[in-house]
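Trainee: Based on the sequences and whatever the hints tell you, model everything.
Residue numbers (full-length UniProt numbering), protein chains in the order written: chain F, 1 to 420; chain X, 1 to 420.
Hints were generated in silico from the structure; no laboratory data involved. What you are looking at is a predicted structure, and each value in this text was computed from that prediction instead of being measured. Zero decoy hints are in this set.
A pair holds if it fits inside one copy or across any two, identical chains being indistinguishable in the list.
Derived pair list, reagent style SDA-like, types lysine to any residue, alpha-carbon separation capped at 20 Å:
#1 Lys390 - Ala152
#2 Lys275 - Ala107
#3 Lys42 - Thr210
#4 Lys42 - Asp113
#5 Lys68 - Pro303
#6 Lys197 - Thr127
#7 Lys390 - Ala161
Number of protein chains: 2
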Amino acid sequence: MTLKFNGKKPSRRAFLQGAATMGAGLTLGGQARAADPAIAVKPWMQELGDGVDTSPYGMPSEYEAHVKRRNVEWLTADTVSSINFTPLHELDGIITPNGLCFERHHAGVARLDPREYRLMINGLVDTPMVFTLEDLMRFPRENHVYFLECAANSGMEWRGAQLNGCQFTHGMIHNVMYTGVPLRLILEEAGVRTAGKWLLPEGADASAMTRSVPLEKAMDDCLVAFKMNGEALRPEQGYPVRLVVPGWEGNMWVKWLRRIEVGDQPWHHREETSKYTDLLADGSARRFTWEMDAKSVITSPSPQAPITHGKGHTVITGVAWSGRGTIPRVDVTLDGGINWHQARMSGPSLEKSMHRFYYEFDWDGSPLLLQSRAHDSTGYVQPTKDMLRKIRGENSIYHNNGIQTWAINAEGIAENVEIS
Amino acid sequence: MTLKFNGKKPSRRAFLQGAATMGAGLTLGGQARAADPAIAVKPWMQELGDGVDTSPYGMPSEYEAHVKRRNVEWLTADTVSSINFTPLHELDGIITPNGLCFERHHAGVARLDPREYRLMINGLVDTPMVFTLEDLMRFPRENHVYFLECAANSGMEWRGAQLNGCQFTHGMIHNVMYTGVPLRLILEEAGVRTAGKWLLPEGADASAMTRSVPLEKAMDDCLVAFKMNGEALRPEQGYPVRLVVPGWEGNMWVKWLRRIEVGDQPWHHREETSKYTDLLADGSARRFTWEMDAKSVITSPSPQAPITHGKGHTVITGVAWSGRGTIPRVDVTLDGGINWHQARMSGPSLEKSMHRFYYEFDWDGSPLLLQSRAHDSTGYVQPTKDMLRKIRGENSIYHNNGIQTWAINAEGIAENVEIS
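Mentor: As structure tokens, this is what we get:
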């Protein structure tokens, strides 16, 4: 792969020619070296640091304390049924570290004792069964990187630009490697009866979260997962066991999974009637809109990550994903959609996983209207918000996968704006 | 992919037929349900849990406190120049979470202020240069998952079975996704002179770690990295910037990278003469043995992860890696190498990354001699320890990639043993 700035391979002197834009002192003759305080001897070069294993579990640098999940107090009446957001603007690559994964609970974080964990399979099965955690560990396991996106991600933006930062507009998503047992193997153990066409996974938290899942999806790629990024699930993510429903809305990925009932029709529970349906302009509602459509967002520059280095070489980066497959292509525009440029993808391209894109260019300091547009492996192209509103109106909270715009001013400050 | 137990597709009733081996009460008629204390109502189903964002950075469950990096007090005279070990026996998949990555320092953990961070390029270059962290962020970035293995990993085992647990025998390895700038781009910016053939990266800690790296490797795939698994490098891993030298021994991945000097020959510094060379039986030493040969280890069952469920369905799992490419195949033996079975690989197969393998079988309760054997994409096959000893003797500390044996007794207890 050849790396390119703004579509051209950079000249070897590209940075030097632009030295004025990068601050004095970037180029440095040997004779100037000793005089430059920037490369002077520092305390950490002269003193021994801490020894190994001063904490049982390694933590980020004290200088990264600002990199954290955030909630917004006004969003919900109580924190036990609320959300915090992944700091997408501070991350790179495609893996979300476990400590920074967004969370959404309906009755707070259940703290299960793994020794008391049980998973029951009942309903239209030949033999109702109960599994301990140790039983589950005796089934064959698989490993997959999947994004989990809340259906309400970007939901506030239906009515126009609301939240100033991609952490808040797009941060109800994370992307981790799961280890788990294919749900198919567990269902085959209990024996699904011919009449069995739907599943009702149920959570062991006080909300007893339930959703109707078609059997076909369960037999295809659902996992009963117990690890994320190699280690046990975090409590906020359903420790010790959650359901993984690849590419489908996060609400279906039942945490603290305690029971799966097999039935012949959907249950029409609260979370698929009153909630997680898309109210249209005519008063009807789209239902069972499970698959997450292709979507992307520029994570830097963005309102929480302004351009601070002035003109010259500038890296635009962001993430894209689709519930239907991979993302072979992302386009970026600097001028609100007049001209589109194909971005460079970097990192593994995996099914129903986040993808990372970059677009490098020489910024002349003039205002920009930044957007990204994802293409998925089915040929689907991410629409504008206006295109979505024409079809879905502005009543919905869920499934807003419209193109996001950041306006960058001459100082490099970014703002969430709407353009039409 | 079809999942198989012991080479055969499991029958739908496989677990039920083996119910006696899985404990009474696994199968459960609907009428027995209310009476089973295992699926009784639990406190976490009746009480609201904690709300979101009770901590700025999410942490593992309290029930996972035993999953931690560990050191051994007797290994080194001082913790500022010591090691702790990744808990491989507790992990699954291929990603090592940042909080559990092994660490090795030579003068403790340097705590750099990122605002004062500088990277100098000097020596045989057209223009010596100094970059701030912000400067580095203006270069094009790439994302790659790579293993980092200390050359001394398994070093204690040259003289026979020493340490009872794969965390200690094989835990000086981790596998994360790095985001960084190809070193090639930075060197092209300074302009390497024709005579420049070697690099000397230097760390900003008090050990001023230096290693000689051939220019060819630097131009191929080295990264100047600032993120691991999406977030900033951990202090123990070189925050804010480390060198990534894919597939090569960990000592060369200079942490807290402050300077790269270009020269016309290697420097023969301490870490490539007195240390990190392989002393042979005849008193001569192999030098510049950078590439890590293909290797594997069974992580469960293993001395720290015994079989606790008794006879019947049993999952063997482990990891494999090669500094020369991918791992298309791993074999597992239950009888110390008399019969080998091809393991099932699961998870992305990426260059110079860990791979995860599984082998599922029905254990009859008789003693086992478990081994795994990696094949890499060059055709190289992991050797026995005896084969290595014949060539390298027993003086070395480094580059032991021999096959590891765990003896499992009838109670499922695993022990580190040597067989010949």
